[in-house]
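Each protein sequence line maps, in turn, to chains W and Z.
Residue numbering for the first sequence follows my numbering, starting at 456 and increasing by one per position.
Residue numbering for the second sequence follows my numbering, starting at 128 and increasing by one per position.
The hints are simulated quantities; they were obtained by calculation from the structure and are not laboratory data.
No incorrect hints appear here.
The calculated BS3-like cross-link candidates involving lysine-lysine, where the alpha carbons are at most 27 Å apart (straight line), are: (1) Z:Lys211 to W:Lys461; (2) Z:Lys229 to Z:Lys296; (3) W:Lys461 to Z:Lys509; (4) W:Lys565 to W:Lys743; (5) W:Lys461 to Z:Lys323; (6) W:Lys845 to W:Lys803; (7) W:Lys786 to W:Lys845.
Covered stretches of chain Z, as calculated for chain W (at least 3 residues, CB under 8 Å): (8) 366 to 375; (9) 379 to 390; (10) 422 to 435; (11) 439 to 451; (12) 458 to 466.
Examples of chain W residues lying across from chain Z (beta carbon under 10 Å, computed): (13) Lys461; (14) Gly474; (15) Val480; (16) Val493; (17) Tyr499; (18) Ala500.
Values in this document were obtained by computation on a predicted structure and should not be read as measured data.
Positions of the beta carbon are idealized from the N, C-alpha and C atoms, including for glycine.
So the chains spell out like this:
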Amino acid sequence: MRRDTKERAGFTRRALLVGTTQLTVFGAIAARLYDLQVSQHGKYATLAQQNSISERLVAPERGIITDRFGTTLAGNQQHWRALFMQVLTPDPQTVLENFYRLVPLSDDEKARIAEDLAHRPGYIPVLLKDYLVWPDMAAIEVNTPDLPGVIVEVGASRIYPLGSGLAHAVGYVARPNQREAKNNPILTLPGMRVGRTGAEAAQDGALRGTPGFVQDETNVHGEIVRQVARDGGTPGSTVTLTLDVGLQALAVQRLGDNAGAAVVLDAMTGEILAMASNPSFDPSLFDKGVPAATWAQWMADPKDPLQNKATSGLFAPGSTFKPTVALAAMKSGALTAETVLTCPGYLKLGDHVFWCDNHTAHGSITLTTALAVSCDVFFYQVALMVGIDKMADMAHQLGLGIDLGADLPNVAAGLVPTLAWARGRGIHWVKGSTVVQGIGQGYTQLTPLALATMIARVATGVAVGPHIARRIGGQLQNGSDPNDWPALDIDDRHLAVVRQGLFDVVNTPEGTAYAARLTLPNVQMAGKTGTAQVHNNTAAEKQRGFNDLTMAWEDRPNALFVAYAPYNNPRYAVAVVIEHGNYGAQTAAPIAHDLITYAITHDPAGRDTPLAVPATPPAAPSGQTPS
Amino acid sequence: MILDPLTQPRPLRARSFGVVQKILRINWLFVICVCLLFAVGYSALYSAAGGSVTPYANSQLIRFLALLVAMFVIAMVDIRVIAKTSWFAYAVGILLLLVVMKFGHTGLGAKRWITLGGAEIQPSELMKLFLVLALAAYFHRASYERIGQWPFLILPALVVLVPVGLILKEPNLGTAVITGLIGATVMLGAGVRWWKFALVLAIIAIAAPVLYHHLHDYQRARIVTFLNPGSDPLGAGYNIIQSKIALGSGGWTGQGYLHGTQNQLNFLPEKQTDFVFTIIAEEFGFLGSIAVLGLLFSIIAIALYTAMSCSHAYGRFVALGIATNFFLYCFVNLSMVMGLIPVGGVPLPLISYGGSALTAVMLGFGVLMSVHVHRDVEFLPKDF
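When you get a sec, could you build the whole thing from the sequences and use the hints?
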């Protein structure tokens, strides 16, 4: 027992020694903790502040836009740019000064950078300079140690290989404005662009993609030591438009120096095959910023190059409105194909005289002839028989004066007046207003796109709507199939009569557009000319022998032409408006002729791949008679 | 044997106690300390996940509750029964180490893990406990005089060196050193003479350069990094720098719970395991750190008290070994976090996320509680 006690006492001694040692070690740990946490707190707290895994977002590549056959209309071009992550350096100001010494920037740019630095969240880098040239790159690379936080990387800029010809249809992108940036900080990423017009704006969501991110780990000196993670994000979807670049190029070429617009639709689906608006502009200028001089020039141009006249230009339809009047009249029962009305060259209403064009007396004629020769007096009388509201109803059914739901921004609905509208505006509606409505003058204002839709609907009897996006990310969009569209609520017999009239316009010698008839075998075009006055000639002007050719450009009438082809099996609908082009038959119809000829021979409708060989040789110049 | 009440400090009982009596004899202060430490760990893991019970805190809670039950079950087992299984447990431990060498899977460049019944375990963690049991069983039968004779120490030396060698082979330098130190401490408690320890230390000092030569590259890298953290700021030294920044930015009272920038910004990879202490230190500051240190040491103090108050040698050695094991966990982990010794995958017991070390520690605590419950049963050297 004594031995046991002695052993136990020995153990207790040694255990106490062990315990004391361990307590001492804990004491040392506590002392070290005190040293780190309390004595050196200031130092480490500063280090902790500078220490960060800096995460920065990376702009996704914007989706490309192609025509229906895959030709790139809007693409991305890579360039080098310098970005700055201010969180990576304790002294951003010095870094910026170093940078400015190497790469001189204008005071405006410096102010913009200072502004961005003050307002951006830390994970979004600030753009120092886009489109770095080689000497800049070399200077930055060599001086990397003086430029902590400056990152040189590849950025993408938007390019439009076909330039101004597609500026209105495809649109352009620009840097987001402050309001947009405030609503969506992602947009402040260098390289992010917002679609401003055309398909770029309408499909902005699909084209934009999802941003990726880069996580850089920085050491206590604020230098990036490694990339922790990188996620490229999701690039925007490819948007395939319904446009046919060949047809578009022809439209632009044929518009030439005229101010105006030309629209070609697939009459069965409403796909926009060509949409040209003249004059135009270079859309790539917006990506880098438009030079002030160019901007001023655009603003001063009376032909307004920035306006897409096809979708936003509002024109009195003139005689192209007559098919609508005819259909309204037949629907109301006031007019049949056999109804004969007499044109003495004028219509007297009260003490006001409404003249027929050129004061011509057409005699006793039926509807088809009235359309073919474009008799105004015939339609004055029809208008009075139908009344303003029934004409407006039919116009709305044909897509005039309503929102067509086109997938394009800033599409003007236009206006076809009704009595209710007049009352709302406090306009005293008189019979004379109804009379001029019969020939598409007065209050009526329509876009070329709406006119093309109207003629497509008349041609097919289907309520097609114009649209420009055919595929998004390869996915065929609704509306590209003829079965996507409902039939119009219009009697086929009425449509047949009007179509016959439109056929006669182009294909009978007395027709107003006989010169523009097609020269293709077995294919005929039907159409309607329009010449819409924009200036009320005063008596004094008339006395001076004032006529359309001697008046000032901006006083000349607008020339219009709407048409479709083939007559027997309509597939292509076209509307051409030439501002102050005098006569529709003279300036607008030949353009429509060329566009229809191209469309028939290349037959882009309903297809994504071009025909290997054109069905017939390219169109012969207009004016030739068929052999 | 005739019991003499005058020479007997306490009545020794040949028979064990009933279950109710055992429960009453449990050191509840110890249980409270264990639960408090786990609560600290739970909140640190909650913070490590950015203020979420998933993925760490709740799965660790489930493990802890299961092991708490196991701890109480073991505490109810008579210490003499545990003693009889000592060598068997030791053999199982060695076997597991051999299995891990042959079939174990690799994690972080070393073969340390095997899967047992769906749970990943690290046999070297269990081996430390089994080594303590085996050494205690060996010295339980020895008299002070026999311990003085060096041939008597050959077997225990082997008992220590075989697992140490196997663990070194994994390779796991940190755990190998800890295992060796635990063995040495139990032998010290058993009465091995001082000069023998001095001799071993001298041998190690001479052999160290040779050993260094045979270390794996990553182990050498750790030592070099430790001596000069700036030499490899992207690699191993990165952890030490970030860890020190986390500790240092805590100050007196810390940045506030869930508001530690180092923690919430994820500077330390795997901070929920080895570097969990940095979360506490950063968010609760020096005062919080000291409180946790105090809790950790109270576990050690209670274990040492259990050792000293035990009437039988087996219980004394086991309790001393378990106290030392716990101490070494804390010491290595905390020193590592503070950049005092090279980094080596040693978790902070009861606080770090992970099951392997927690299992070993809680099973050890079960044995420790059993020692306390059975502190004055009759357990003579010859009874073994």
